[in-house]
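**Q** Line by line, the protein sequences give chains A and B. Each residue of the first sequence is one higher than the one before, counting from 1 in the numbering used here. Each residue of the second sequence is one higher than the one before, counting from 1 in the numbering used here.
Incorrect hints may have been included.
Calculated lysine-lysine pairs in the DSS-like style (CA-CA distance at most 27 angstroms, straight line) [as the list claims (entries may be wrong)]:
id, chain 1, residue 1, chain 2, residue 2
1, B, Lys182, A, Lys128
2, A, Lys33, B, Lys158
3, A, Lys120, B, Lys77
4, B, Lys181, A, Lys120
5, A, Lys95, B, Lys58
6, A, Lys33, B, Lys196
7, B, Lys92, B, Lys236
8, A, Lys128, A, Lys150
9, B, Lys222, A, Lys73
10, B, Lys77, B, Lys92
11, B, Lys92, A, Lys128
12, B, Lys195, B, Lys158
13, A, Lys55, B, Lys48
14, B, Lys48, B, Lys228
15, B, Lys182, A, Lys95
16, B, Lys48, B, Lys182
17, B, Lys120, A, Lys120
18, A, Lys73, B, Lys58
19, B, Lys120, B, Lys236
20, B, Lys181, A, Lys55
21, B, Lys58, A, Lys100
22, A, Lys100, B, Lys92
23, B, Lys158, B, Lys182
24, A, Lys33, B, Lys133
25, B, Lys158, A, Lys120
What the hints contain is simulated information worked out from the structure, not anything from laboratory work. Fair warning: this is a prediction, and the values are worked out from it, not measured in the lab.
As a plain string of letters, each chain reads:
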Amino acid sequence: MPPQLKTLLPFLAIFICIFLVARHFLVPESFGKYGHYRANSMDEIAALPAVYAGKTVCIDCHDTEAAKLASDKHAGLSCEVCHGPGALHADDPEKNILPKPGTREFCGRCHGIYLARSIKVINQIDIKTHNIERENCIDCHNPHAVWEMKE
Amino acid sequence: MGNERIKDSRRNFLRKSAVLAGTLLVGSATKPFTAMLFAANEPDKFQKWYAIGIDIEKCIGCGMCAKACKSENDVPKDPFYYRSWVEQYTIKNDGSMSVESPNGGIDGFTQSVPEEEIFKTFFVPKMCNHCYKSPCVQVCPVGATFVSPEGVVLVDEKYCMGCSYCVQACPYGCRYLHPEKKTADKCTLCYHRLKKGLNPACFEVCPTGARIYGDLNDKNDKIHQFLKDHNTQVLKPHLNTGSKLFYNGLTSEVR
Numbered sequence: 001m002p003p004q005l006k007t008l009l010p011f012l013a014i015f016i017c018i019f020l021v022a023r024h025f026l027v028p029e030s031f032g033k034y035g036h037y038r039a040n041s042m043d044e045i046a047a048l049p050a051v052y053a054g055k056t057v058c059i060d061c062h063d064t065e066a067a068k069l070a071s072d073k074h075a076g077l078s079c080e081v082c083h084g085p086g087a088l089h090a091d092d093p094e095k096n097i098l099p100k101p102g103t104r105e106f107c108g109r110c111h112g113i114y115l116a117r118s119i120k121v122i123n124q125i126d127i128k129t130h131n132i133e134r135e136n137c138i139d140c141h142n143p144h145a146v147w148e149m150k151e
Numbered sequence: 001m002g003n004e005r006i007k008d009s010r011r012n013f014l015r016k017s018a019v020l021a022g023t024l025l026v027g028s029a030t031k032p033f034t035a036m037l038f039a040a041n042e043p044d045k046f047q048k049w050y051a052i053g054i055d056i057e058k059c060i061g062c063g064m065c066a067k068a069c070k071s072e073n074d075v076p077k078d079p080f081y082y083r084s085w086v087e088q089y090t091i092k093n094d095g096s097m098s099v100e101s102p103n104g105g106i107d108g109f110t111q112s113v114p115e116e117e118i119f120k121t122f123f124v125p126k127m128c129n130h131c132y133k134s135p136c137v138q139v140c141p142v143g144a145t146f147v148s149p150e151g152v153v154l155v156d157e158k159y160c161m162g163c164s165y166c167v168q169a170c171p172y173g174c175r176y177l178h179p180e181k182k183t184a185d186k187c188t189l190c191y192h193r194l195k196k197g198l199n200p201a202c203f204e205v206c207p208t209g210a211r212i213y214g215d216l217n218d219k220n221d222k223i224h225q226f227l228k229d230h231n232t233q234v235l236k237p238h239l240n241t242g243s244k245l246f247y248n249g250l251t252s253e254v255r
């Protein structure tokens, strides 16, 4: 063996040792458990709070509305489509009141006549001209039973 | 002697060529081009393997999905950060095309092209394709983004250093750099909701059922029925990203 290599070998060994020690401390726990990533990060993402509670949570308290809705055109809709995210409301119903939208603009987001919207999928009306004596859609229609007209 | 040498090198050349061709043939057989073949890597049968189906014909462009996504995932409210958004494609009579997405569709749509000029118009909801051969995962230099065992592409916020290579790599424009956290951010298929047994926010609020998601490992899952019932296509199949977002009614104009 050449003398240069003999001198360099201990340095190489020291370098490898330092590398292994540094690697031990620098590579985070659970890295490489499933692949080239930190497996614990999945648990961290999974622990984030949900903002939308889901229909089953709504039905627990609002059973009368849910029963009415079940036989309606809107039966397939989740409550939070119109009322917005409800997890906070489910935690503290007194403090966090959810909106009851029913304006022409709001209902028109789905039911306003629009060229890109297929008539086969959804009933549409011209929200600007349809029964203009009343201001809002919910003045006549009950969103939980749409053809049960008021008055 | 010179003749001998040429003969010898010809033999070597042919031998090497044969080896190369054989290797390529075997290599291509083991890893075929699989634009639509979602189960090519034989996923773990005991694990879920999520895929998404979007029915363009059923989308009415209400924008509830985009709105719900922002509320659920604390996405910045500025009109250029989206994990999920809706685009309106308008093909005019002269063959030209315009794509609009005012605030991602969150505030609804208004027709900007006069009706008599329109040949065809439709909505396309967009979100992360959760590719199993993700370009965004491949370019990450630190292993901060990955495909989870369930087939969901996630970002490890603590590990991401914000180089935004992945933002450039995603051919579908599904990623952005979070302005406050300075890390890459994207659709997680509401991973936190899936783990709690809830539907992802955009699926929860879709009023027409235009979007569904399901487990490709479960043959009885609704996603299988969706794939059987419709002629589905993925976005940019030529890129071979292994996209698991299948569109029904996707026309070639959609990019």
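**Q** A separate judgement is required for each hint: does it hold in the structure or not?
**A** Going through the hints against the structure:
Distance hint between lysine 182 of chain B and lysine 128 of chain A is unfulfilled; the C-alpha atoms sit about 44 angstroms from each other, more than 27 angstroms. The hinted pair formed by lysine 33 of chain A and lysine 158 of chain B meets the criterion: a straight-line CA distance of about 17 angstroms does not exceed 27 angstroms. Of the supplied pair hints, the one linking lysine 120 of chain A and lysine 77 of chain B is violated, its CA atoms being roughly 33 angstroms apart against a limit of 27 angstroms. A threshold of 27 angstroms between alpha carbons decides the hint, and for lysine 181 of chain B with lysine 120 of chain A the separation of about 44 angstroms lies outside it, so the pair is violated.
For a cut-off of 27 angstroms, the pair hint linking lysine 95 of chain A to lysine 58 of chain B is broken: about 37 angstroms separates their Cα positions. The suggested pairing of lysine 33 of chain A with lysine 196 of chain B holds, with an alpha-carbon distance near 23 angstroms, which does not exceed 27 angstroms. Pair hint lysine 92 of chain B plus lysine 236 of chain B holds up; C-alpha atoms about 23 angstroms apart against a cutoff of 27 angstroms. About 20 angstroms separates the Cα atoms of lysine 128 of chain A and lysine 150 of chain A, which keeps this hinted pair within 27 angstroms; it holds.
A threshold of 27 angstroms between alpha carbons decides the hint, and for lysine 222 of chain B with lysine 73 of chain A the separation of about 22 angstroms falls inside it, so the pair holds. Distance hint between lysine 77 of chain B and lysine 92 of chain B is unfulfilled; the C-alpha atoms sit about 32 angstroms from each other, more than 27 angstroms. Pair hint lysine 92 of chain B plus lysine 128 of chain A holds up; C-alpha atoms about 26 angstroms apart against a cutoff of 27 angstroms. Taking the CA atoms of lysine 195 of chain B and lysine 158 of chain B, the gap is near 20 angstroms; set against the 27 angstroms cutoff, the hint holds.
Distance restraint check for lysine 55 of chain A and lysine 48 of chain B: the Cα-Cα separation of roughly 23 angstroms lies within the 27 angstroms cut-off, and the hinted pair is therefore satisfied. Using a Cα cut-off of 27 angstroms, the hinted pair lysine 48 of chain B and lysine 228 of chain B holds, with the two alpha carbons roughly 19 angstroms apart. For a cut-off of 27 angstroms, the pair hint linking lysine 182 of chain B to lysine 95 of chain A is broken: about 34 angstroms separates their Cα positions. Restraint check for lysine 48 of chain B and lysine 182 of chain B: not satisfied, since their Cα atoms lie roughly 31 angstroms apart, outside the 27 angstroms limit.
A hinted pair counts as satisfied when its Cα atoms are at most 27 angstroms apart, and lysine 120 of chain B with lysine 120 of chain A qualifies at roughly 16 angstroms. Under the criterion of a C-alpha separation no larger than 27 angstroms, the hint pairing lysine 73 of chain A with lysine 58 of chain B is consistent with the structure, at around 16 angstroms. A threshold of 27 angstroms between alpha carbons decides the hint, and for lysine 120 of chain B with lysine 236 of chain B the separation of about 21 angstroms falls inside it, so the pair holds. Restraint check for lysine 181 of chain B and lysine 55 of chain A: not satisfied, since their Cα atoms lie roughly 32 angstroms apart, outside the 27 angstroms limit.
Restraint check: the Cα-Cα separation between lysine 58 of chain B and lysine 100 of chain A comes to about 25 angstroms, which is no more than 27 angstroms; the hinted pair holds. Proposed proximity of lysine 100 of chain A and lysine 92 of chain B is contradicted: the alpha carbons are some 39 angstroms apart, above 27 angstroms. For the proposed pair lysine 158 of chain B and lysine 182 of chain B, the alpha carbon gap of about 11 angstroms is at most 27 angstroms, so the pair holds. Between lysine 33 of chain A and lysine 133 of chain B, the direct Cα distance comes to roughly 19 angstroms. Compliance with the 27 angstroms bound is thereby established for this hinted pair.
With a C-alpha separation of about 47 angstroms, the suggested pair lysine 158 of chain B and lysine 120 of chain A falls outside the 27 angstroms cut-off, and the hint is violated.
When each numbered hint is compared with the structure, violations occur for hints 1, 3, 4, 5, 10, 15, 16, 20, 22, 25.
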